[in-house]
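**Q** Take a look at the letters that make up each chain.
2 protein chains.
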Amino acid sequence: MAGSGEEAATAAVVQNKKVVLRRHVTGFPTEDDMEITVGTTEQRVPAGLTAVLIKNLYLSCDPWMRGRMSKHDDGANPVSASDFVIGEAMVNYGVGKVIDSTHPEFIAGDLVWGMSGWEEYTLVTQPESLHKINHADLPLSYYTGILGMPGLTAYAGFTQVARPNKGDFVFVSAASGAVGQVVGQLAKIAGCYVVGSAGSDEKVSLLKTKFGYDDAFNYKSEIDLSAALKRCLPDGIDIYFDNVGGTTLDAALLHMRHGGRVAVCGMISQYNLEERDGLRNLFCIIPKSIRVEGFNVSRFFHLYARFEEEMAGYIKDRKVAVVEDVVEGIESAPAALIGLFSGKNVGKQLVAIARA
Amino acid sequence: MAGSGEEAATAAVVQNKKVVLRRHVTGFPTEDDMEITVGTTEQRVPAGLTAVLIKNLYLSCDPWMRGRMSKHDDGANPVSASDFVIGEAMVNYGVGKVIDSTHPEFIAGDLVWGMSGWEEYTLVTQPESLHKINHADLPLSYYTGILGMPGLTAYAGFTQVARPNKGDFVFVSAASGAVGQVVGQLAKIAGCYVVGSAGSDEKVSLLKTKFGYDDAFNYKSEIDLSAALKRCLPDGIDIYFDNVGGTTLDAALLHMRHGGRVAVCGMISQYNLEERDGLRNLFCIIPKSIRVEGFNVSRFFHLYARFEEEMAGYIKDRKVAVVEDVVEGIESAPAALIGLFSGKNVGKQLVAIARA
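Residue numbers (our numbering), protein chains in the order written: chain A, 1 to 356; chain B, 1 to 356.
Here chain A stands alone, though its shape is the one from the complex (with noise of 0.2 Å):
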């Protein structure tokens, strides 16, 4: 068995930076909200314990830790996760190598990607969340985005959810963001035709560019987000990708067609808002028959191999393109994070903190 954690003998003891939150919080969260903080680490897993003690390379920014990141004493996190603890690592999806195991299925040197804390080294104490990484030569980043929770989401939420037919008409908000751009290419492999909408002329050019997006718009830049639909989408859609909520949903509402799907994977224009936007137009789902489905990645992780699989093969074979947004080191992952909710980042945000 792999693992030195039954040994007597000690382990170097290294310095280990965290980001850690500072509060919970309400309404729009500030870097100020989190804090970095610097403890030890020993190099092996403490002895009697079945885990797996990681060095975290890549860190993952994901809108859904805002959820995490307020208190709900009820219990009733809208994420279905606990609530972030203050003073205490923060949580979410990383890439990292493993340092030391005393798991059977690990060993010292694997790549990995999963749970990991927002630090340089995390002791993973539930090891089966974490996944071996099976494309090594591809950029390991690619496992916090394309490859990894984003992706998959992307993917199962377009072919599980959304269910998508040759011809579509696909509208995808948040389009060049890490779900949103996999989508879109997606759904061109599928033979659909794909409008996308994100919140600055650099991203839309990109998405007509770089992604094949048959068109977009620019969001903030439209005084009518209906007005915006019918323009690039005359016929109607019939897949709503949504990754925004609020407005831009309540506008595509009014030109689903007979039969649309609307895949809801998240409402980032809402997470930050004490009183969220009231959404006017769901009526129009009883006369054209319309299905509004909500989905978390969590339901989808069986097809997680699969996925990886085909979308390694998309990459390598250039039928999809990634962009990503990196920033180096720990120091800069608080900013980066806040930097999603008003659509700083261009692509998959991600934390370089180290690179091997």
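One should not assume that every hint holds.
[Unchecked claim] Stretch-level coverage of chain A by chain B, calculated; a stretch enters the list once three of its residues show a Cβ under 8 Å from a Cβ in chain B: (1) 267-275; (2) 283-295.
[To be verified] DEER-style ranges, computed between Cβ atoms: (3) Ser200/A x Glu35/B: 54 to 62 Å; (4) Leu303/A x Gly87/B: 58 to 66 Å; (5) Gly259/B x Lys316/A: 32 to 40 Å; (6) Thr30/A x Arg231/B: 36 to 44 Å; (7) His258/A x Asp317/B: 33 to 41 Å; (8) Arg231/B x Ser298/A: 24 to 32 Å.
In case anyone wonders, no lab produced these hints; they're calculated from the structure. Only a predicted model underlies this, so the values are computations on that prediction, with no experimental measurement involved. Backbone N, C-alpha and C fix where the C-beta goes; we use that ideal spot for every residue, glycine too.
Starting from the structure of chain A, add chain B where the hints point.
**A** Relative to the frame of chain A, chain B by itself:
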């Protein structure tokens, strides 16, 4: 072939009272928006026409008629049907007797239900939409309700859209209405725990004593709909069969269980509002993987024959009860229709205009 349309002999001409729309409606409709006019009808199908002349026996009052009472210049009628024409008889489902027919499938004396006019006699020029009544031993008025469009709506919406499992916690709004009373009883037959909401203590009593609901509440006397749902369904809701939309739908979304289904059949609370209520709780569908699906009975008419036999069997075996609110005479039709929107009706609202 039946029918006297090709004969030259004259047929009797009789008086034909109609309910016509006086003006297109904005906001709440009133009786004054309709009027009774008196015309005449020749008692046979005109020469050269393939049609069926019906003597109307029962007119059905249904909430969806509201959508056709407004003017939609853009053709975007929310009920996917044409706007009613000012000065012409209004149109809806009804039960009638064939007086004359030039269509091969119908002969004088046939009892039918289907789309007809709000008038004493209607020339049906698309007889394919009529259904022959196979259980004339049951009250014919049932074919405006439990054995007609509302019954099929309940059956298809519950079995095909909501897809119940034994033991599911089911919530039904407008639970004593034409659709709701059938959904609740089908849910009991399917082995579910069923809670209904209605707008009077009388109706709440009916739900528990007549229709077998496990629990019920009067939404008009609850200060907090969410608290009422928590009280009646402390473990949450697997299926919400929505007939009302608005604040009831918004409250129900908060209580949906993981994998829950909201079958959206109608939104009667919203039909007369110039600005619809904003829904703020749709975000719940993401972490809980909830499906919200609108449907229209029109796509389920292929199930009608199976449904009619099954439901007639339940009625004859006294497994389901029927409560109708019957007013007499075509002059009573406008008030009966208007009453739907304030919940004046107790059970299925219909108008008896002739007995044979």
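**Q** Evaluate each hint against the coordinates.
**A** Results for each hint:
Using a Cβ-Cβ cut-off of 8 Å, 3 residues of the region 267-275 of chain A lie near chain B, which meets the minimum of three, so the contact claim holds. Look at the region 283-295 of chain A against chain B: 13 of its residues bring a Cβ nearer than 8 Å to a Cβ of that chain, three or more, so the hint holds. In this structure, Ser200/A and Glu35/B meet the distance hint of 54 to 62 Å, their C-beta atoms being roughly 58 Å apart. Range check, Leu303/A to Gly87/B: about 59 Å between beta-carbon atoms, so the 58 to 66 Å window is met.
Between Gly259/B and Lys316/A the beta carbon distance is about 36 Å. The supplied range of 32 to 40 Å therefore holds. Take Thr30/A and Arg231/B: their Cβ atoms lie about 39 Å apart, and the range 36 to 44 Å holds. For His258/A paired with Asp317/B, a C-beta distance near 38 Å keeps the hint of 33 to 41 Å intact. Roughly 30 Å separates the CB atoms of Arg231/B and Ser298/A, a value that falls within the hinted 24 to 32 Å.
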